[in-house]
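Visitor: Starting from the given sequences, assemble the full structure and let the hints guide the process.
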Amino acid sequence: MIDSLRQSFHRFLAVFRGAQLDRDFDAEMAAHLELAIEENLERGLSPSEARRQALLRFGGPQQAKEQHRDARGLPSLDALLQDLRFALRMLRHSPGFFLLAILCLTLGIGANAAVFSWIEGILFRPYPAVSHQERLVAIGGTSRDEPRGTPLSWPDYLDLQRSCTQCEATFVTKITGTTLSTGERAERTTGSIVSANYFEAIGVHPILGRGFLPGEDVGQSAHPVAVISYKFWQGRFKGDAQILGKTQRLNGVIHTIVGVAPEGFYGTFVGWEMNFWVPASMEDIFEAGGYKLEDRGARWIEAYALLKPGVTLQQAQQEFAAIGKRLEVAYPATNRGRSLRLWPLWETPFNNAGTLLPTLEIMLAVVVFVLLIACANVGNLLLVRSFARRHEMSVRLAIGAGRARLWKQLLTEGLVLSLLGAAGGLLVAYWCRHALVLLFPARGGVQMHLPGEIDWRVLALSAGVCLLTTLLMGVAPALQANKIDLAHALKTEASGVVGGGGRAWLRSGLVLVQVSLSFILLVGAGLLLQSLLRIRTASPGFTTHRVLYTAVDLVSAGYDITRAETFREALLERVRALPGVESAAFARMVPLSYGSFSSSPIAVDGYTPQPEESPTVDYNEVGPAYFITIGIPFLAGREFTRGDDEKAAPVAIVNETMAQRYWQGRNPLGDRVQVKGRWLTIIGVAKDSKYSSVRELTKPFFYVPIRQNLIRNGDLHIRTPLAPEVMAAAIAREIHTLDANLAPYEVITLQEQLDRSTSPQMVAVTLVATLAVLALFLAAIGLYGVMSYTVSQSTRELGLRMALGASAYGLFRLVVLRGLALTAGGILLGAAAALGLTRLLRYLLYEVSPYDPLAFGSAFLVLAIVSLIACFWPAWRATRVDPIVALRYE
Amino acid sequence: MPGSKLDLLQGTLDLMVLQTLATMGSMHGYGIARRIEQVSGDAVVLNQGTIYASLVRLQQRGWISAAWGTSANNRKAKFYSITKRGRRQLSEDAAYWQRLSSVMGRVLALQERSDEK
Numbered sequence: 003m004i005d006s007l008r009q010s011f012h013r014f015l016a017v018f019r020g021a022q023l024d025r026d027f028d029a030e031m032a033a034h035l036e037l038a039i040e041e042n043l044e045r046g047l048s049p050s051e052a053r054r055q056a057l058l059r060f061g062g063p064q065q066a067k068e069q070h071r072d073a074r075g076l077p078s079l080d081a082l083l084q085d086l087r088f089a090l091r092m093l094r095h096s097p098g099f100f101l102l103a104i105l106c107l108t109l110g111i112g113a114n115a116a117v118f119s120w121i122e123g124i125l126f127r128p129y130p131a132v133s134h135q136e137r138l139v140a141i142g143g144t145s146r147d148e149p150r151g152t153p154l155s156w157p158d159y160l161d162l163q164r165s166c167t168q169c170e171a172t173f174v175t176k177i178t179g180t181t182l183s184t185g186e187r188a189e190r191t192t193g194s195i196v197s198a199n200y201f202e203a204i205g206v207h208p209i210l211g212r213g214f215l216p217g218e219d220v221g222q223s224a225h226p227v228a229v230i231s232y233k234f235w236q237g238r239f240k241g242d243a244q245i246l247g248k249t250q251r252l253n254g255v256i257h258t259i260v261g262v263a264p265e266g267f268y269g270t271f272v273g274w275e276m277n278f279w280v281p282a283s284m285e286d287i288f289e290a291g292g293y294k295l296e297d298r299g300a301r302w303i304e305a306y307a308l309l310k311p312g313v314t315l316q317q318a319q320q321e322f323a324a325i326g327k328r329l330e331v332a333y334p335a336t337n338r339g340r341s342l343r344l345w346p347l348w349e350t351p352f353n354n355a356g357t358l359l360p361t362l363e364i365m366l367a368v369v370v371f372v373l374l375i376a377c378a379n380v381g382n383l384l385l386v387r388s389f390a391r392r393h394e395m396s397v398r399l400a401i402g403a404g405r406a407r408l409w410k411q412l413l414t415e416g417l418v419l420s421l422l423g424a425a426g427g428l429l430v431a432y433w434c435r436h437a438l439v440l441l442f443p444a445r446g447g448v449q450m451h452l453p454g455e456i457d458w459r460v461l462a463l464s465a466g467v468c469l470l471t472t473l474l475m476g477v478a479p480a481l482q483a484n485k486i487d488l489a490h491a492l493k494t495e496a497s498g499v500v501g502g503g504g505r506a507w508l509r510s511g512l513v514l515v516q517v518s519l520s521f522i523l524l525v526g527a528g529l530l531l532q533s534l535l536r537i538r539t540a541s542p543g544f545t546t547h548r549v550l551y552t553a554v555d556l557v558s559a560g561y562d563i564t565r566a567e568t569f570r571e572a573l574l575e576r577v578r579a580l581p582g583v584e585s586a587a588f589a590r591m592v593p594l595s596y597g598s599f600s601s602s603p604i605a606v607d608g609y610t611p612q613p614e615e616s617p618t619v620d621y622n623e624v625g626p627a628y629f630i631t632i633g634i635p636f637l638a639g640r641e642f643t644r645g646d647d648e649k650a651a652p653v654a655i656v657n658e659t660m661a662q663r664y665w666q667g668r669n670p671l672g673d674r675v676q677v678k679g680r681w682l683t684i685i686g687v688a689k690d691s692k693y694s695s696v697r698e699l700t701k702p703f704f705y706v707p708i709r710q711n712l713i714r715n716g717d718l719h720i721r722t723p724l725a726p727e728v729m730a731a732a733i734a735r736e737i738h739t740l741d742a743n744l745a746p747y748e749v750i751t752l753q754e755q756l757d758r759s760t761s762p763q764m765v766a767v768t769l770v771a772t773l774a775v776l777a778l779f780l781a782a783i784g785l786y787g788v789m790s791y792t793v794s795q796s797t798r799e800l801g802l803r804m805a806l807g808a809s810a811y812g813l814f815r816l817v818v819l820r821g822l823a824l825t826a827g828g829i830l831l832g833a834a835a836a837l838g839l840t841r842l843l844r845y846l847l848y849e850v851s852p853y854d855p856l857a858f859g860s861a862f863l864v865l866a867i868v869s870l871i872a873c874f875w876p877a878w879r880a881t882r883v884d885p886i887v888a889l890r891y892e
Numbered sequence: 021m022p023g024s025k026l027d028l029l030q031g032t033l034d035l036m037v038l039q040t041l042a043t044m045g046s047m048h049g050y051g052i053a054r055r056i057e058q059v060s061g062d063a064v065v066l067n068q069g070t071i072y073a074s075l076v077r078l079q080q081r082g083w084i085s086a087a088w089g090t091s092a093n094n095r096k097a098k099f100y101s102i103t104k105r106g107r108r109q110l111s112e113d114a115a116y117w118q119r120l121s122s123v124m125g126r127v128l129a130l131q132e133r134s135d136e137k
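Sequence lines, in order, name chains A and B.
Residue numbering for the first sequence follows the numbering used here, starting at 3 and increasing by one per position.
Residue numbering for the second sequence follows the numbering used here, starting at 21 and increasing by one per position.
Read the hints as simulated data drawn from the structure, not as lab findings.
These numbers were taken from a predicted model, which means no experiment stands behind them.
Each hint should be verified, as a subset may be incorrect.
As the list claims (entries may be wrong) - On the chain B side, residues computed to face chain A include the following (Cβ under 7 Å):
no. : residue
1   : A73
2   : A92
3   : K96
Every residue gets a Cβ at the ideal spot worked out from N, C-alpha and C, and that includes glycine.
Guide: Shown next, in the form of structure tokens:
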């Protein structure tokens, strides 16, 4: 046993000492022969006879050498090293091919690894630095109207915290923000309202100070403390070592800083960086709608549960459904028709993950296509090279290498290429790992953070992709090696443009595949582009180009609610007096923003809700002249005026859908609706418009006057033909006149607001279009390579044709037609596949059919033009063939 | 098959080399090959060159050791000698061969007797 281990060890070492051991053995053989010759001489043979006999008895020296080598080393390892050395040498000799192949592979494998890492980041570890994410689930509420998920209320959360037996911990987090001004401009900073156990539950320990103490999350505004993020500490406080105990004004209230979160922790909201955390007791400072911690009907919480180890989502879901039922029975007024639901982290209804994942899935499909195309390209290149080397292959076969040996060598070459490509690709992916955020433009100045993780899963997947590409690329040349007919190949080197027979089908097949994949991508890009254009030009129900909006954060500056209203009135007067301003108005929220509208359960005279229904409708608090400013037309009744103030009767304006649903066709004017305990008289019916998202279905909505429902912060809408930049300076000036400490947010048109809200579609289009162009580029290279090589190999045939009278134009046409035939085949194939696949894009398409002829037509056109260009140069070369030279060439 | 030379299997050649070195002491490759030829009375087919594969194997297993030196006639040659482990291996293998050949002999003798009948 020991002996065979010894032997294996020595055999392994011998592989690397080959040259030296060979020299040693040569010396030994020489010595052997000398001794033999000497003995023969002593026996009386002539010198030449002595030598001959000695050699005879010895046997073949070459044979002895081979036996020696086989005995002392590991033949398979030897063969592998030999193949590697040979492959590297061949690659060094053709740097052009080498670089092109590596480039294709780096792009293909790199794109795949990057998307893997993004998916990995969002799917498995969306929250950097948080422990046990695999056991975290999101808790939300559902109702008959909103199965997609609603937030929870604080009393409901306390109940489920008490009753849940399968949770190790539950905690609450709600995204919020405040404005911090830096002189001229105000900037929005995101933070989180959390339960007191937040930091313990997620296993994040502040590097300075502490998290929150139990009990700090109850009591109205009772605990003005905050934990700040590492970046915030470094940026705003310059890493002050004495930070604990210092204060920061957040939304007008002085908070004491009690802790600093560790570096690399960004909170638990996918996509957003949190800069500060405050306990839930401070909720009414940050959220509109008053103190909600004791109101079971106020739903504002995003909650999570850390399940006990071994508990599955389904088991926990059953328990939560039961808890929901109990709450429904115990509190029918607020909880009728509502239940609790759990979601895995990447599907939470209240952050970006849900919107991201479908886009990422499409991305993955697309990069897989790109990889296939890249492999086809490199495979084609390898194929072309192996065809050039078939003479060499034939010689190898003739002197005794088995076909398996040839296959091994070709696969080794493929392996070298794909390893280098994979290394490059991983580097690209590493650089791009945080690039996902580039595709999601900052909205309202808030910086997003979408981490990509390169960990063992990504590496393993990339290694798998690498192996797969090796096999895919190695197969083509290896198959061709199989077809070598020894006698024929050793004799001739000819092939034809039109001929080429069986060997040509593989090359052509690869180009066909590339062309069809490019076609599919182009169609996809076309469809998505059209969809994006439709969304952007679809009318949202209000004017988009002549209306600007901005806001001033009065709450952070410490304005109370009445002072804020006074400020707004004064500002409105000044803004309306500015030249170029047609009208202006405030509203609590601009349409299509990320925030949520106020909402309230309603009751209507003459409408009895269904047994499972508790009607809740969103609404906006708007000022006089709002509708004329924003351009929403009326169907009946009138706008709010200055007369609808706190002393007048409470009024409301409803939209078309609300009138339909709750008054069933009767005229609602003069009727009443009950909102938050007050009865409001309907004075107008406005046309429907889009409120939260361009893609939303029509929903009921109503408006109330600001003066009867005071708000703290509002958005200023201005109707003017002037550009935003022009207005920005003027507005900033007016604001400074009123209060030198305040500054406005950026001023943008409502069209810009709409564009920003359609970023998922924008992302999809950008990505698919980019990758389609990439695929097209690769396919063009492939086509060019094949045509170019074919022409160079058929100089003899071309020369012959020319000598027999073919014109230059005729040869040109021949080559181009061959190339176009390939393209046409690819397009047909691609079209057939696209017809089947574009259905999958349906959910991203807005009023565009998946079979839209414009998309298919333009893809066809683009491909046709590109392939014409790709074939041009080789065809041109074909016409320059000198027939005399060609015919002489054998 | 009377008279034709016996082809040697790997293991048997190794055994012969070990035995030669054990009895003759340190020798070079040529000497070992010649000795085997002499002792077997030319009954063995041996391309002398094949002995070196055997020597490499034995060396890698630690049963023989090698060193360059000078022969009787002042020629440079690589000399091999058997090691202690080699001697142990030799005695084990030799015992095995004895047993094997006596058993084979008895079994084959049985066969011949039944043929005679």
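Visitor: Compare the structure with each hint and give your call.
Guide: Here's how the hints hold up against the structure:
With a cut of 7 Å, the hint placing A73 (chain B) at the interface with chain A holds, because the nearest CB-to-CB distance is about 4 Å. The restraint placing A92 (chain B) at the interface with chain A is violated, with a minimum CB-CB distance near 10 Å, outside the 7 Å limit. The closest approach between the C-beta of K96 (chain B) and any C-beta of chain A is roughly 6 Å, which is under the 7 Å cut-off, so the hint is satisfied.
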